[in-house]
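Construct all of the structure, not just a fragment, from the sequences and the given hints.
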Amino acid sequence: MRALVLLAALLAATPLAAQEKIDRRIAIASDASIRIWNLAGITRIIGWDRDSLAVTGTVPSGAFYMGGSGRGAKLGVERPDGGKADLPATLEIRVPRNVRLWVKSASASVEASGLTGELECSSVDGSIRVEGSLRLVVAESMEGNLSVYGPMGVVRLKGGGGTITLRGARGDVLATTVGGAILATDAALTRAHLETVSGPVAYDGTVAPRGTLAVTTHSGDVTLRLPTEISAEFELSSFDGAILYGLSAKGKGKGEPSPQMGKPMSFTTGGGDARVTVRSFKGEIRVLKP
Amino acid sequence: MTCRDFEARADGYAEGRLSPREAAAFEAHLDRCAVCAAALERAAEPPRGLAALPRAIEPASDLWPAIHGRLALVRERPGRLAVPRWGLAAAALLLIALSSGVTAVLLRPAPRAVSARLDVSALEAQYAAVSEDLTGALEKVRSRLQPETIATIERNLRIIDTALDETRRALAKDPGNPALGQMVVAAWRQKVDLLRRATTLGAES
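Those sequence lines, one after another, are chains Y and G.
Per this note's numbering, residue 1 is the first one in the first sequence, and the count goes up by one each step.
Per this note's numbering, residue 291 is the first one in the second sequence, and the count goes up by one each step.
Incorrect hints may have been included.
Said to hold, decoys possible - In silico DSS-like cross-links for lysine-lysine, where the CA-CA straight-line distance does not exceed 27 Å:
| no. | chain 1 | residue 1 | chain 2 | residue 2 |
| --- | --- | --- | --- | --- |
| 1 | G | Lys430 | Y | Lys104 |
| 2 | Y | Lys74 | Y | Lys104 |
| 3 | G | Lys463 | Y | Lys263 |
In case anyone wonders, no lab produced these hints; they're calculated from the structure.
Okay, here's the thing in structure tokens:
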């Protein structure tokens with residue numbers, strides 16, 4: 001009995017927001033601009049081949065809004081009582097593939113797939129995952145993970161403590177983070193600038209002919225796994241860390257430990273078509289075979 | 291983006307009026323075009339530096355006054371610090387882009403002539419001024435941020451400050467080392483960018 005009283009008192013003190021299901025849609029141009037505001041929960045965006053915007057999901061009662069048509073639309077979740085805490089909502093949003101999206105999150109995770117247009121997304125500690133082949137991806141999260149899968153045109157990622165993951169990246173990438181790692185696999189970038197303060201950087205792939213790969217870190221270890229036949233100018237320097245180079249044939253994949261602390265290591269492989277630059281203060285630099 | 295486009299968009303970039311796509315194109319051009327990067331670099335230098343430069347890369351647009359103008363505007367309106375600091379944020383963005391451009395020039399194969407002209411202490415002074423303003427702005431909006439967010443920001447700032455301290459000490463011992471100068475600038479760039487993002491988050495909360 002006492003437990004029931006306590007439970008009743010607790011429920012009265014912190015009323016749970018009632019949830020409601022939504023199913024809304026409007027006609028919209030295939031290249032429209034759409035603004036999405038969902039601070040907590042999940043925002044899932046899916047590109048489709050229809051000229052309409054469709055939203056389904058579960059939201060706090062009375063908190064969902066949506067408006068616009070033709071060239072632009074906005075939708076989101078906002079507390080109707082003006083309270084400070086963010087109420088979680090789950091939104092599944094289908095949009096024409098080629099739209100321009102602006103997405104705001106605080107803790108909500110954001111997932112986007114099947115898009116070809118542009119996406120700008122910011123979050124505080126929510127994760128952001130983008131799959132597809134967009135012209136432009138701009139994503140920021142102070143603490144959440146940032147994941148970009150597929151060949152995008154231009155990618156700009158800013159993290160903090162979370163991990164930045166790139167898979168199958170092409171084109172132009174600028175990724176910076178503080179303590180988080182940057183991990184790139186199956187990469188063939190034409191221009192990449194990867195920068196951390198203490199997080200490690202691992203790049204597995206190649207650099208396009210006449211492309212550039214620049215890595216800057218203070219104390220993170222840098223590991224580049226590149227094809228032995230890569231044609232590039234290398235400039236590797238670590239003020240207080242070792243440099244291990246193991247791309248040449250005689251290394252036979254084991255790497256050739258040759259500490260070069262404080263001394264820049266510059267050399268050219270093949271015709272020197274691409275340019276690879278790694279600068280570190282005290283992190284270790286390794287250039288290895290795949 | 292052509293150099294002419296770059297010049298035409300410089301003011302818009304400084305004022306934060308470009309779309310994300312345009313801003314990305316602006317930064318991409320800055321990173322790959324030595325002429326425009328050099329023009330921006332010189333825009334940040336005192337006038338005596340301009341006279342020594344070749345006419346062929348005469349600055350197309352004097353951007354640095356725009357940054358100071360923005361900062362001055364913010365300082366003149368202390369009562370408005372609680373509103374979004376877009377001007378300050380744009381100034382910080384431009385400073386970041388500017389030093390990125392300088393770094394990009396230095397990363398090129400034959401940077402000796404330019405590297406000799408890299409004035410780390412001048413860049414540091416600029417970063418320190420923007421950093422101080424952003425720190426003040428962040429304090430104004432601090433109460434609007436979640437405690438976990440504040441903890442995250444402070445943790446990242448500590449990491450950056452440690453890196454900044456280590457690289458500055460190393461540079462003091464070896465002032466002629468351009469790589470160390472670049473590391474110092476990179477740490478400042480990270481700090482200003484983090485403060486800018488944190489301030490924007492607070493203003494939007």
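We went through each hint and held it up to the structure:
no. : hint                : result
1   : G:Lys430 - Y:Lys104 : holds (22 Å)
2   : Y:Lys74 - Y:Lys104  : holds (11 Å)
3   : G:Lys463 - Y:Lys263 : holds (16 Å)
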